[in-house]
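S.K.: Residue numbers (the numbering used here), protein chains in the order written: chain A, 10 to 466; chain B, 10 to 466.
Keep in mind that the hints were calculated from the coordinates and are not lab data. As the structure is a prediction and not an experimental result, all values here were calculated from the model. Note that CB positions come from ideal geometry on N, CA and C, so glycine has one too. Just so you know, nobody snuck in bad clues.
Between beta-carbon pairs, the in silico distance windows are: (1) B:Glu291 to A:Lys155: 47 to 53 Å; (2) B:Gln173 to A:Ser175: 20 to 26 Å; (3) A:Lys155 to B:Lys130: 49 to 55 Å; (4) A:Ser175 to B:Ala144: 42 to 48 Å.
Listed next, the stretches of chain B that the computed footprint assigns to chain A, with coverage defined by at least 3 CB atoms under 8 Å from CB atoms of chain A: (5) 316 to 324; (6) 331 to 337.
Listed below are the residues making up each chain.
Number of protein chains: 2
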Amino acid sequence: MPQRKLDVVLDSVKRLMRMGATANLVNLLQKQYPADLAQLFSELPDKERQTAFTLLAERNSRLAMEALSELGPEAGAALLRERSADEIVKLTQELPSDDAAALIDYLPEELSATVLELLQKRPAGGDVGDLLEYAEQTAGRIMNPKVFALAEDMTASEAITALQGSRDVEVVFYLYVIDARRHLVGVVSLRRLLLVSPETPLKRIMTTDLISVRAEMDQEEVARLVASYNLLAIPVVDEENKLVGVITVDDVIDVIKDEATEDIYRLAGVSSDERVFTPMRESLRKRFPWLLVNLGTAFIAAAVVGLFQHTISAWVALAVFMPIVPGMGGNAATQTLTVIVRGLALGELTWSNARKALLKEIAVGIGNGLANGIVAGLVAWLFVGQPALGLLLLAAMIVNLFVAGMAGTLIPLGLKALKIDPALASTVFITTFTDVCGFAAFLGLATMVLRMKGHTG
Amino acid sequence: MPQRKLDVVLDSVKRLMRMGATANLVNLLQKQYPADLAQLFSELPDKERQTAFTLLAERNSRLAMEALSELGPEAGAALLRERSADEIVKLTQELPSDDAAALIDYLPEELSATVLELLQKRPAGGDVGDLLEYAEQTAGRIMNPKVFALAEDMTASEAITALQGSRDVEVVFYLYVIDARRHLVGVVSLRRLLLVSPETPLKRIMTTDLISVRAEMDQEEVARLVASYNLLAIPVVDEENKLVGVITVDDVIDVIKDEATEDIYRLAGVSSDERVFTPMRESLRKRFPWLLVNLGTAFIAAAVVGLFQHTISAWVALAVFMPIVPGMGGNAATQTLTVIVRGLALGELTWSNARKALLKEIAVGIGNGLANGIVAGLVAWLFVGQPALGLLLLAAMIVNLFVAGMAGTLIPLGLKALKIDPALASTVFITTFTDVCGFAAFLGLATMVLRMKGHTG
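If we strip away everything but chain A, and leave its shape as in the complex, we get (with noise of 0.2 Å):
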């Protein structure tokens, strides 16, 4: 809801709480969405949270447990935490098997593998622990595993009656259709169910041609078949294609931000599942690494400035322009791999045009160090009047910008090659590259002008 409406419930809720006004309290939380209640808890302090959390859950234990999974497993873990195990296994049953599955994930590993054991010996509640046998970021993982399907020798009407007794299942979008082995054979759309005369069999109406995914299948592909074909929801079938479970396309939602939020972080060098309100410990304990890994490139680029330490006592000027180029080859290289990147996750770069990419980006480097390198260079001898140093900052920044449009096309192609997330380690790479580049071109070509002069002079 608007910043604004939020602002206002909030204060309510403060307000009822500080008085003690529980049913009223319990009112204004029930009228509310599960994602805006979501909202107000992660804006309320850990203990009015639990409060709230607790309150509703008393008497409205759906609309709480599906706020608390609509804040996330993490956070929503966290408010669930405190319970004995058979409450959480009263509460966790509200919620569709993926997203119970979800949260179970999160807590303490002992309380979980509890949980686990008591949903084991209740009806269907054994779906949870099926759900978490999936390697996480699969398929498996996010699928629900109650999925509507009919026989396909049902009539339309029969299909109908079926559709109007089926109050668990969560909102159905398809209605697939399987054969007595549960081999999914088919899909019928409800809208086409509306149109055929009542004793049609499925098996006439349906469409055959279907596009489904097996239960490993990355979550990423997932979405983006979803994505690519415009689906409402996607079938889930296990090696030999019988149908056993289906995604919908909130989930898809879900995952295509959080992996592009993955992607962001890790350009950045931030892990992948902090957030802005991820306590301080935790984030210095996460993000000391990656600055570390940058402290030993930047010592092999202060190394490489050390060989040429004779060279700047003879020119002190040098010292002064030497960060230009390595951070200009940086910032280039930056923007080549990023498009690189996002070419990769969007589907956009294969295998079978990465030539013709990185014949492109280099010609992008060679032309941005030509434009770049005449303003340099101008600026160095109209306003330093060194007209030497000019050149010097021309034919490095022309060098390293060559450099940079090469390496940052290479090394994320040479990570997905390895079968490593281009994102991951492709900066730290990169920067160490065009840093070394960018601080021998200047400094050597500045040495060999030295010794020319020398020659001369």
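We have chain A already, so just place chain B on it with the hints.
M.R.: What follows is chain B alone, placed relative to chain A:
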């Protein structure tokens, strides 16, 4: 489709094209989904792409146009621009108005004006022009004005009959209910329609508490609503709450992907409409200004170094270690910036909790400054044998990573307050800050050390 299958189909397409086996080629193309055709088209060289599209459009113009629309408006419009306005009008009418509008918007100006003029004369063709009246990136631009709406006095059975007759409308997700003056008053799900007796008036079964958006709303805000309330579609209304269109979840997925790409790109200084295969000249032209701005800031940093030329002449080892502190500041600031920008985009960071985020980032900055400063200081001491240099690195690192945490939080928040996209210009501001502070802290402290030595020696 999977890369391997795509390659097989692609080879067949190329072979059939070389053989001139037009009929077989069209048959093969006809069997593909629009999204797969788009992928095929994007892998074909320009001329072959045009041929394949033309052949398919002759046989199955709807499928050809759906594929073209999946290709994205820019690449799609490129395939149409050689055709006459009449042909374009005929072809775009195969698409929903929102997709047609996006394509036409990318045609050369004169051609698009003629096309819009011709469209005005067609029944319902005016829709496209109306959509283009809305500002870019608003709900009005991406909505489909053909929305399935029913009068509140209709009965359930009348509604089903109406639904059966509605062939032209995009897949129906929800049935919106309007009053006599087209005000949006409620919504009925397809499933609910099946559950009630045929004579029930819609008025009695509709939900009146429904979420709608105004046509002027920013598309990112629309996407956030659809995602957080798990909707399949959201109705669009005008200032009088009259129903003017509907936005479906597949369009929302495109918005989410585009906005994530935009954020990733902006953080790296890449224009948001650049793709891997944007022509080289255009990429060069788009990336140069950003690099030039960075060059400017690099000269500012160089000017700071210039203030300390005497210090560097007296102690050349400073030049070797000088780039480390600004570099680390840049890395730490990028981490903070990324978490803050993504937090703002996902709605987790708001004005009411900004202070908490700032304090946390400052603490993380000081903590990481201390940790990395100790490592850097020890390396300088143990390997270079200069304890004073080590202490300098430690002190300067703490100062600069404190600055990085503060600037990395305050700059994006400040831009947001000024209603500028926080991702847009943050990086360049922040690296200027961390470069200037990094050099100034390190070289400034070194100057003080030298003076003290001068006093005591």
